[in-house]
Amino acid sequence: MLTLNNLFLFIAFTMIFSGLWAFASNRKHLLNTLLSLEFIMLGIFFLMSNCLSSIGNELFFSLFFLVLAACEGALGLALLVSIVRSHGNDYFSTFNSLEC
Amino acid sequence: MYFSYPNLLFFSTLVSGTLLSVSSCSWFSAWVGLELNLLSFVPLMITKSNQYSSEAALKYFLIQSLGSSLIIFSASFMLIYFGVASIILFCALILKLGGAPFHFWFPQVMGGLLWPQAMILMSVQKVAPLFLLCYLASVSMMEVYFSVASMLSAVVGAVGGINQTSLRKVLAFSSINHIGWMLSSILVSEVTMGVYFLFYSVISLSIVVLFHYKQAFHFNHLLTYNFPAEVKMLVFFSLLSLGGLPPFTGFVPKWLVIQELVGAGNFVLLVVLLGSALVTLYFYLRVSIMSLTISTPSLVISFVDQQGFKWVMPCCMFVNFFGLLIPFVIMIV
Numbered sequence: 057m058l059t060l061n062n063l064f065l066f067i068a069f070t071m072i073f074s075g076l077w078a079f080a081s082n083r084k085h086l087l088n089t090l091l092s093l094e095f096i097m098l099g100i101f102f103l104m105s106n107c108l109s110s111i112g113n114e115l116f117f118s119l120f121f122l123v124l125a126a127c128e129g130a131l132g133l134a135l136l137v138s139i140v141r142s143h144g145n146d147y148f149s150t151f152n153s154l155e156c
Numbered sequence: 048m049y050f051s052y053p054n055l056l057f058f059s060t061l062v063s064g065t066l067l068s069v070s071s072c073s074w075f076s077a078w079v080g081l082e083l084n085l086l087s088f089v090p091l092m093i094t095k096s097n098q099y100s101s102e103a104a105l106k107y108f109l110i111q112s113l114g115s116s117l118i119i120f121s122a123s124f125m126l127i128y129f130g131v132a133s134i135i136l137f138c139a140l141i142l143k144l145g146g147a148p149f150h151f152w153f154p155q156v157m158g159g160l161l162w163p164q165a166m167i168l169m170s171v172q173k174v175a176p177l178f179l180l181c182y183l184a185s186v187s188m189m190e191v192y193f194s195v196a197s198m199l200s201a202v203v204g205a206v207g208g209i210n211q212t213s214l215r216k217v218l219a220f221s222s223i224n225h226i227g228w229m230l231s232s233i234l235v236s237e238v239t240m241g242v243y244f245l246f247y248s249v250i251s252l253s254i255v256v257l258f259h260y261k262q263a264f265h266f267n268h269l270l271t272y273n274f275p276a277e278v279k280m281l282v283f284f285s286l287l288s289l290g291g292l293p294p295f296t297g298f299v300p301k302w303l304v305i306q307e308l309v310g311a312g313n314f315v316l317l318v319v320l321l322g323s324a325l326v327t328l329y330f331y332l333r334v335s336i337m338s339l340t341i342s343t344p345s346l347v348i349s350f351v352d353q354q355g356f357k358w359v360m361p362c363c364m365f366v367n368f369f370g371l372l373i374p375f376v377i378m379i380v
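Residue numbers (my numbering), protein chains in the order written: chain A, 57 to 156; chain B, 48 to 380.
Mixed in with the good hints, there may be bad ones.
The following label-pair restraints were derived from C-beta to C-beta distances [claimed, not checked]:
#	chain 1	residue 1	chain 2	residue 2	range
1	A	Ala78	B	Leu339	35 to 45 angstroms
2	A	Asn145	B	Leu56	27 to 37 angstroms
3	B	Leu56	A	Leu115	30 to 40 angstroms
4	B	Pro293	A	Ala126	51 to 61 angstroms
5	A	Ser110	B	Phe368	56 to 66 angstroms
6	A	Leu98	B	Glu190	28 to 38 angstroms
7	B	Phe314	A	Asn145	52 to 62 angstroms
8	A	Ala78	B	Val238	20 to 30 angstroms
9	B	Leu339	A	Ala126	45 to 55 angstroms
Covered stretches of chain A (in silico footprint by chain B; criterion: 3 or more residues with CB under 8 angstroms from a CB of chain B, positions within the stretch not fixed) [as the list claims (entries may be wrong)]:
#	region
10	83–96
11	102–109
12	113–123
13	126–133
14	140–147
Partial list, derived from the structure: chain B residues whose beta carbon lies under 8 angstroms from chain A [claimed, not checked]:
#	residue
15	Thr94
16	Ser101
17	Phe120
18	Ile127
19	Ser335
Think of the hints as simulated: they come from the structure by calculation, not from any bench.
Only a predicted model underlies this, so the values are computations on that prediction, with no experimental measurement involved.
We treat Cβ as the ideally placed atom computed from N, Cα and C, and that holds for glycine.
Required output: the full structure, derived from the provided sequences and hints.
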């Protein structure tokens, strides 16, 4: 269906897709989920640099993206610290107080 | 405690992030606004350092950051393949809204929040994704996706709320149901969706103010606390207004959507929406009739109400009775 002729595009798409797969299939540690989220951001950074460089005069936006992705990573780590302080560990099986 | 300096700062950046994403001219700046929104709301959720707040904040953060990354991915990808990127963008925005089939995080996160944060989650956090979805409504094959998401949200919100005993989860499922109505009103026009959203957020504000004043989080609280009779009656009227019963204000947005959908000939969607509204009315009635008829024990302990809210309550209640004036307004105009 999708013909990804450009190698850069294919690599970026593979990075993002594998990061999404790892995000959704983590079963033990929260830190792995945050790590896969950062990998997704890296893949998107690569994709964005490729797509925006072909437009011209727009490549600086990837810096905006990088700043916000780093802020989000820092927030994720702060939440990890908060979770470890309240629950004692970062296993997913201890997040059962809000089950629907 | 709720108006402390950090909370005011985070609330102002929350609102500015929403305004930034709503008034943007490209998906990149819309993403910046959504990220600012997320970064400002997570500190607002952790007011008490107990297990519930941190778990709710973590789940909210993981889901919303996944949605944001999908949005910026499809914003870049849209430069190459437009159709596929539009579908991914639609799914990411529905995930951020909490609409079906991506709704599973919403009752869980609502169950761990206090009432002011739950109110922000139900009203302000939905502004940006809803207004961004309007840009997708004019893409070629998107009406099918909107209809399917709307029907699924309505059914899930109706059926999922039947077995709930926590008041916050009841309001979470009613929010999912109303998102179904709002998605179908996007098919009509953006103004309809704006009107529906405004009415919905004002009516749910009136309900949340009542429950926050009495610090009621659970059905048990309605049965054991000594609510004064006027509070019970106001809960009854506000919940019926949220369900969309005719004399109250909540009927007006539903009336608008019904009239426009009938004019467009979209009957299957309309039947599903109306059936789901009936089921939501069932569990609103269950809450209010239970609090009105079952006698509460007279306890030695007296529960302290939330301070400073006694005067806010009547100001929010009169909103629910504006619907009675609509025929007069139409006559004058």
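Here is what the structure says about each hint:
1. A/Ala78 to B/Leu339: 35 to 45 angstroms: Roughly 52 angstroms apart at Cβ, these two residues miss the hinted range, so it is violated.
2. A/Asn145 to B/Leu56: 27 to 37 angstroms: Roughly 32 angstroms apart at Cβ, these two residues keep to the hinted range, so it holds.
3. B/Leu56 to A/Leu115: 30 to 40 angstroms: Roughly 32 angstroms apart at Cβ, these two residues keep to the hinted range, so it holds.
4. B/Pro293 to A/Ala126: 51 to 61 angstroms: holds, 52 angstroms
5. A/Ser110 to B/Phe368: 56 to 66 angstroms: Roughly 58 angstroms apart at Cβ, these two residues keep to the hinted range, so it holds.
6. A/Leu98 to B/Glu190: 28 to 38 angstroms: holds, 36 angstroms
7. B/Phe314 to A/Asn145: 52 to 62 angstroms: holds, 53 angstroms
8. A/Ala78 to B/Val238: 20 to 30 angstroms: violated, 42 angstroms
9. B/Leu339 to A/Ala126: 45 to 55 angstroms: Because 53 angstroms falls inside the window, the suggested range holds.
10. 83–96: holds (count 4)
11. 102–109: It holds, with 4 qualifying residues against the three required.
12. 113–123: Held - the region 113–123 of chain A has 3 residues with a Cβ nearer than 8 angstroms to chain B, which meets the minimum of three.
13. 126–133: With 4 residues close enough to chain B, the hint holds.
14. 140–147: Three-residue rule met by the region 140–147 of chain A, so holds; n is 3.
15. Thr94: Constraint on B/Thr94 not satisfied, violated at 12 angstroms.
16. Ser101: B/Ser101 check passes; min Cβ-Cβ to chain A is 5 angstroms, inside 8 angstroms.
17. Phe120: holds, 5 angstroms
18. Ile127: This interface hint holds because 7 angstroms falls under the 8 angstroms limit.
19. Ser335: violated, 23 angstroms
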